[in-house]
Amino acid sequence: MMSDTDNRRLLLEKVLKEHNYQENALLEILHRAQEIYGYLDKDLLMDISGSLNIPPSHVYGVATFYSYFKLRKPGEHVVTGCLGTACYVKGVEQIMQAVEEEFNIKRGGSTTDGKLSLLVTRCIGACAMAPTIVVDDEVIGKATKEIVIAKIKTVLGEIKFEA
Amino acid sequence: MKLDDLQRVAEQEVDFQRAYKHRINVCCSSGCVPFGALKVLKAFEDAVKEFGVEKECKVARTGCIGTCSVGPAVLVEPGDYLYQSVTPEKVREIVRDHIVLGLPVKEMLYQNQAYFQKQHRLVLRNAGKIDPLRIQDYISAGGYSAIAKCLATLTPQGVIYEVRTSGLRGRGGAGFSTGQKWALVARAQNSPKYIVANLDEGDPGVFANRTLAEADPHAIIEGMLIAAYAVGAAKGYIYIRSEYPLAIQTLQKAIAQAKSMSLLGENILEMGFKFDLELRFGAGAFVAGEETAILASVEGRRAMPRPRPPYPANSGLWKKPTLIQNVETLANIPLIVQNGGLWFSKLGTSKCTGTKCFSLTGQINNPGLIEVPMGITLREVVFDIGGGVPDGKKFKAVLVGGPSGGCLPDTLLELPIDYDSLTKVGAIMGSGGIVVLDEKSCMVDTAKFFTEFCVEESCGKCTPCRAGLARVKEIFDGITMGTGKMEDISTLEKSGVFIRDASLCGLGQTAPNPVLTTLRYFKGEYLQHIVEKKCEAGKCFKNEKEA
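From first to last, the protein sequence lines stand for chains A and B.
My numbering applies: residue 386 is where the first sequence begins, and numbers increase by one.
My numbering applies: residue 1292 is where the second sequence begins, and numbers increase by one.
Calculated directly from the structure, the hints in this document are not laboratory data.
Incorrect hints may appear among the rest.
Stated by the list, open to error - Which chain A residues face chain B? A few, computed with CB under 10 Å, are given here:
#1 N405
#2 Y406
#3 E408
#4 L415
#5 Y422
#6 S434
#7 G435
#8 S436
#9 N438
#10 H443
#11 G446
#12 F488
#13 R507
#14 D521
#15 E523
All C-beta atoms, glycine included, are put in the ideal place defined by N, C-alpha and C.
Can you make the complete structure from the sequences, with help from the hints?
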């Protein structure tokens, strides 16, 4: 039986082949690689650089330029705060601070046990429902710090959600 | 599919839809889905079966209806009855009373008629009315008849003439004449030629392009087809944000449908015209909206702008002539071809024709996606459509044009919204963000927030933008932490003007707008922060940990 890792490498190889190992498909390839592996670590970027025969500095440059690419392994659960204008005006900053304090976490980072990551995004486009916070895949609109913290505790399994 | 078949498909579809007495449109766009729209859709499908009215009542999944703050929104036709905040539990009542008994459920209806009265929905003509995942819906609403008209009766020059006559200007922000741009690309000698549709809406707080793609993807595709025919391009890309999964899926399906009906591909409508279309995904870079940066990104590189000339019209993608157009601009094109450039030129104002979509957000009663004629005043948008500021608070400022737009005070509320009037007062049209701020907002903090955004999004290529904005941010840090000095004000003014004048691309050239406009219209607040160390809104002067 093939291991998970090999499987993922095979998938990546297929993507590379689809794009004919073309340098100008780098962005597409990084997108697909992130889908397959979840994030882009150094070994993976080196691998892509070798496969496309382009300098690692170029691959690293592109991967770090765009905020959508994750270079570190995200936590088991991911909380994303929308720091778009509409959400900022509606006070998302206060919610983010409360989350940081409650779970002892900094935006952009993860908790030491790797269970929770806190990220920011520049707009998820649900501005009419501002402020919005995304917990795993669920969008919480017109969010308050109480709702968000309760929701995070629920996904972490710390409390049973009663509603 | 041939030219005549298109007419046949349209007629068949109209007959098919007429067979239903009622149509229930459930908004399933990104604004409503997180709040349960898909469950509401399923509940309607179940309820019409339960009441045995599925043969006379069609339940359709549509795009944005426009009232995003009271989602999920549901529109019942005929009569355009708009239900707000619909939950699966309320669905049975609507079907029973409205569809079966013919008595609309008044207490659930959206009451605010003023929200729609001053709007003029051209680009969003089909939004909330058609099922974006069914190409037949678009065709029955007159879709693809404009490209058919071009292929059958107009020369490429004839199309460009109509677009020129229409006075349409690019909706991406800069407002360059669309007809003139097309003529430049058409005249360029090199080949092949490309078209890039910009759907990278990087402005935080703006969702007009996303909504358009989710609600009416074929309008974008048809606009690109017409543009391709006019300038002689055979290949196009839609550059879309990765953060828009629903818009991506919708466009992917629309492209596949158009291909299967030979509306895209080798021999379109069997008229010997060839055009192929692909999606390209952005990855979260505000600067990628700049036209030379978007090209770099499509080519798989960092989205860094380069000096112009050469302009993309002559040397764009892979150094070939390239037409770059915002998707909102493109969605206007089928209407212009259908009704003529002259018709379009009479909409809006004489120098600024047509309509503009705005994402209306912030401290306002009716946030949502609106489309208004050019020349409408800010007051009409904020108070008549937007319903003013909630909770009895006072209006303070309106931010027009996204993070590099301007903060305008109440004395400018009578200003007509068009490219030139906005530029005159220090704002920009941008991609159409309007954010309303109430009396509890701190203008210094707001300007600092946008500056921070631009510092992060600066690509770092040119010094004024990279180093200048970082310095401006440091000054803001000082002012909001209580170490501001009087000379900071003149330093901010000088730096702002310098960054504006010396930066390479639109990002740096417009980034100082929030700083310069707040200094111009709200200088008192800066002085209060510096001299009295006081922030009336209570946003500043918190220690590091809190801030």
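Per the CB criterion, is E408(A) less than 10 Å away from chain B?
-> holds, 6 Å
With a cut-off of 10 Å on the beta carbons, see whether N405(A) makes it to chain B.
-> violated, 12 Å
Restraint outcome when S434(A) is required to lie within 10 Å of chain B by C-beta distance = Violated, about 13 Å.
Hint check, R507(A) versus chain B [nearest Cβ-Cβ separation less than 10 Å] = holds, 5 Å
Hold the hint about H443(A) up to the distance rule: shortest CB distance to chain B must be less than 10 Å.
-> It holds, given that the least Cβ distance between H443(A) and chain B is near 8 Å, below 10 Å.
Taking the least C-beta to C-beta distance, is G435(A) closer than 10 Å to chain B?
-> violated, 17 Å
Interface hint for N438(A), Cβ within 10 Å of any Cβ on chain B | Check failed: Cβ of N438(A) comes no nearer than 14 Å to chain B, outside 10 Å.
Go through the hint on E523(A) and say holds or violated, using the shortest Cβ distance to chain B against 10 Å.
-> holds, 8 Å
Once the shortest beta carbon distance from L415(A) to chain B is found, is it less than 10 Å?
-> Given a least distance of 8 Å, the restraint on L415(A) holds.
Does D521(A) meet its interface restraint, that is, does its C-beta lie within less than 10 Å of any C-beta in chain B?
-> With a minimum Cβ separation of about 13 Å from chain B (threshold 10 Å), the hint on D521(A) is violated.
Given Y422(A) as an interface hint, is the shortest Cβ-Cβ distance to chain B below 10 Å?
-> violated, 16 Å
Quick one, is the F488(A) hint okay against chain B at 10 Å, beta carbons?
-> This hint is violated: F488(A) lies away from chain B, its Cβ roughly 16 Å from the closest one there, beyond 10 Å.
Checked against the numbered hints given earlier, this structure breaks hints 1, 2, 5, 6, 7, 8, 9, 12, 14; the rest are met.
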